[in-house]
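Protein sequences, first through last, are from chains A and B.
Just so we're aligned: the first sequence equals residues 1 to 460 in full-length UniProt numbering.
Just so we're aligned: the second sequence equals residues 1 to 460 in full-length UniProt numbering.
Mixed in with the good hints there might be a few duds.
[Said to hold, decoys possible] Computed list of chain B residues with no C-beta within reach of chain A, every gap over 12 Å: (1) I161; (2) A278; (3) L372.
[As the list claims (entries may be wrong)] Over 12 Å on every C-beta distance to chain B, these chain A residues come out as not near it, computed from the model: (4) G292; (5) R385; (6) T403.
[Unchecked claim] Simulated coverage check for chain A against chain B, where a stretch passes if three residues somewhere in it have a Cβ under 8 Å from a Cβ of chain B: (7) 29-38; (8) 190-196; (9) 216-230; (10) 309-316.
Because the hints were derived from the structure by calculation, they are not lab data.
This one's a predicted model, so the numbers in the text were calculated from it and none came from an experiment.
Glycine included, every Cβ here is placed at the ideal spot set by N, Cα and C.
Protein chains: 2
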Amino acid sequence: MSRLEAILAKVDANMPTSIAGLKHLLTFPSVSSQPDCKAGIIACAKWLQTQLDDLGFNAEVAETEGHPLVLARTPSPGGALRALFYGHYDVQPAEPIEAWHSPPFQPMIREEEGLTRIYARGASDSKSQLWSVIEAFRAWKFVAGDLPLEAVVVLEGEEEIGSPSLAQIVERYRDLLSCDVAFICDSDMWTSTRPAITTRLKGLFHEKVTIHAPNGDLHSGHFGNVAMNPVRVLAGILASIHDERGQVAIEGFYEGVRPLPAALREQWQSLDPAEALAGVSTEGGPEWDACGPFELIWARPSIDLNGIVGGNTGPGERSVLPGSATARLSFRLVDGQSPEQVRSIFRRFVEANLPQGARAEFEGQGGTSAVLVNENSPYIAAAARALEAEWGEPTLLKGSGGTIPIVELLMRELAVVDCIVTGFILADDAIHAPNERYDANRLRKGIRSWVRIIDEVGKL
Amino acid sequence: MSRLEAILAKVDANMPTSIAGLKHLLTFPSVSSQPDCKAGIIACAKWLQTQLDDLGFNAEVAETEGHPLVLARTPSPGGALRALFYGHYDVQPAEPIEAWHSPPFQPMIREEEGLTRIYARGASDSKSQLWSVIEAFRAWKFVAGDLPLEAVVVLEGEEEIGSPSLAQIVERYRDLLSCDVAFICDSDMWTSTRPAITTRLKGLFHEKVTIHAPNGDLHSGHFGNVAMNPVRVLAGILASIHDERGQVAIEGFYEGVRPLPAALREQWQSLDPAEALAGVSTEGGPEWDACGPFELIWARPSIDLNGIVGGNTGPGERSVLPGSATARLSFRLVDGQSPEQVRSIFRRFVEANLPQGARAEFEGQGGTSAVLVNENSPYIAAAARALEAEWGEPTLLKGSGGTIPIVELLMRELAVVDCIVTGFILADDAIHAPNERYDANRLRKGIRSWVRIIDEVGKL
């Protein structure tokens, strides 16, 4: 039995412990956007530090103005190459709680459809992803003693809120984080059997806009026909963001967006939409033109309405003209757009559409630009080989509609050319939604994949 | 001193007790639309029953499938004429609670702007109104022993939710409620010095519409450019209800609405908008055409967005495509429109504007039609004389944008021709809004007004 085979066998043997560890990690309510989850964030970071210390890493909880990161490194070089492994331990809010069939922070195992599924917020995005890497380190350490590379681990607590403290951390830990290759362990597979590496990520920023009418709440009968209704104003503005085909109709929004290279477009058009959409209906969504769905998801920007609230939200009737109404939006950007420019275009658009007497209040700052990584890197080739060896199907180089701010920072600030974004999330894991889930077989093969990637890259 | 003067002097002398009684009445959280206020509703009805019993009425709490009414009558005829006095003890929800400067069900007295103001939910709409009538009865009883008419009192607990049980009650108590004249004590003055009788009331129904997308909540990055966003669908539908000038653009909505008689239009155009709008800005509201604001408020129908909710409502960011979004609307109708017809036109409009794959769910039933009362009635003339005597300015016969379902029922079911809708609410009382208020001087003059109206009508 080769060393690699011995480590993989150790992974398989260790599965009950790996699942138990993931379940413990999923009990922390580490929702980065909700102030009352601060204790869950802190407890989660401390527990992860202990796990890494136990593996012989030098681990610390690095404080920021927001939520802390867990930083760790192997005590001795262990190889010629320094590799960074990034994951995030924060999660999206679990609301609406009543839509879950089991409590979101009490992981529930269900045997269904031939799978052992774990239901919890963060089960897929992204606690299983970082845990797969930690469990791969554990198997390596048990069988081989050392990793074949110097590993630096970064576990962030603010990914789901746009990583506001990450730029500071990259500046403060410049030496530690400078690396030959960075593995970003927070991405998805193509299908449940075909692995993928994501080479394009979208940019992202959030914006909250509140329309204030000149009056406070008013009686709808007395003033409905003469006074401004801010819900109507907001609805009008939101409805005019897109044209009838679902394209953004705000002037200047697509400025700087370059056409996709013809070869890439052709390659993406050959992919089967059904394989990646995983049962999600696109009925009534934006129209696909010649470009097809993957160009829309991976390479065309979008403005998405995340939420709206104003006036009476129930339970009873209230015959009121509300004094204000609020919308929350996320902006997904592509190469050629910057958060600053698009935010300013959006705010001008809202202001230009306000009736006399209405006032718009904006909240939102910062954001992340899109990234394209070098698809011809030898590290990508090595990782792709390792993934294919584990899964038995060729690794797809693909885009993503998601955003991982650290990639842009590593490339721009630390000149890390080779960022390898991969992971084992599937489109039907219900990430960012109720009843998020993962399955034990993907956890096992994910850990084995990281064992193989470390082995392949360690040889470079 | 005449008998009338003696009764009026008794009202003045009794003011500290009258204010204390109103304050007690305002402590009951009798919000008819909120299930957890049921206890407040019951307690309020029982307390009012006791108050009327103490005045020598035969009072009962009449149960319904919803909230009870308080019904009472004078034990002996007391005069040739039977007069019904209607008020309602239920109130609108107090939300948003945080916008109140004192708790909405802990009445707070403030001396400000030369007035003694009472702040509480229901202070103006409508507990002060029914209390003014009860206090007028009390002064009459103290000085004269009997009223100069047979009085029937109806205090409703479901006015703010569209009076769903009232039709049953009118049927069940047909004999008791049949009367020569009905006083509807739930309306407003023209200005703080000029009394008014409302001869036109709008109809009203509520509708809740939820747009369901074909999917549940989705990740906004992965699916924003390809899947339906129900907030966008709802915003589009809401934005297309009105045209650019603020008129309803739904085909058939204005069908049956008759033009205002030229003489009435001319009279209304001579009124000063500033006097009735009481500081409410009409900036950015629907455009006034030649008809002027009072025709819009009193004689043109409206569709009003009362509230909207969907997806992330905070506190943190959530990068989600919501699975559904909900709007609440109130429809204010005029003579010639029926709730059934307009509701069906609205639902067809929503269905016709749904994209493929979206589903609309509607909640809402019943409603009230508009009413026009006979302006040439001798009872109106008598009440107008009494009001002018108290306030020193001529009584204005006007319309209202509000709705009081009992008027339509009395006219249609019991053929009560003379319904006199009056009261002492002012446009700046913040009814249906935070920091609702009333003032002690209006309470005093309101009680005195009812003393005089009873006197004048008793002579007929």
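Hints, one by one, checked against the model:
1. I161: 6 Å, violated
2. A278: 10 Å, violated
3. L372: 16 Å, holds
4. G292: 10 Å, violated
5. R385: At roughly 27 Å from the nearest Cβ of chain B, A/R385 sits farther out than 12 Å, so the non-interface label holds.
6. T403: The assertion about A/T403 is violated, with a minimum of 6 Å to chain B.
7. 29-38: holds (count 5)
8. 190-196: It is violated: at least three residues are needed, and the region 190-196 of chain A offers just 0 whose Cβ sits closer than 8 Å to chain B.
9. 216-230: Coverage by chain B holds here, the residue count being 14 at a Cβ distance below 8 Å.
10. 309-316: It holds: at least three residues are needed, and the region 309-316 of chain A offers 8 whose Cβ sits within less than 8 Å of chain B.
Hint check: violations occur at hints 1, 2, 4, 6 and 8; the rest are consistent with the structure.
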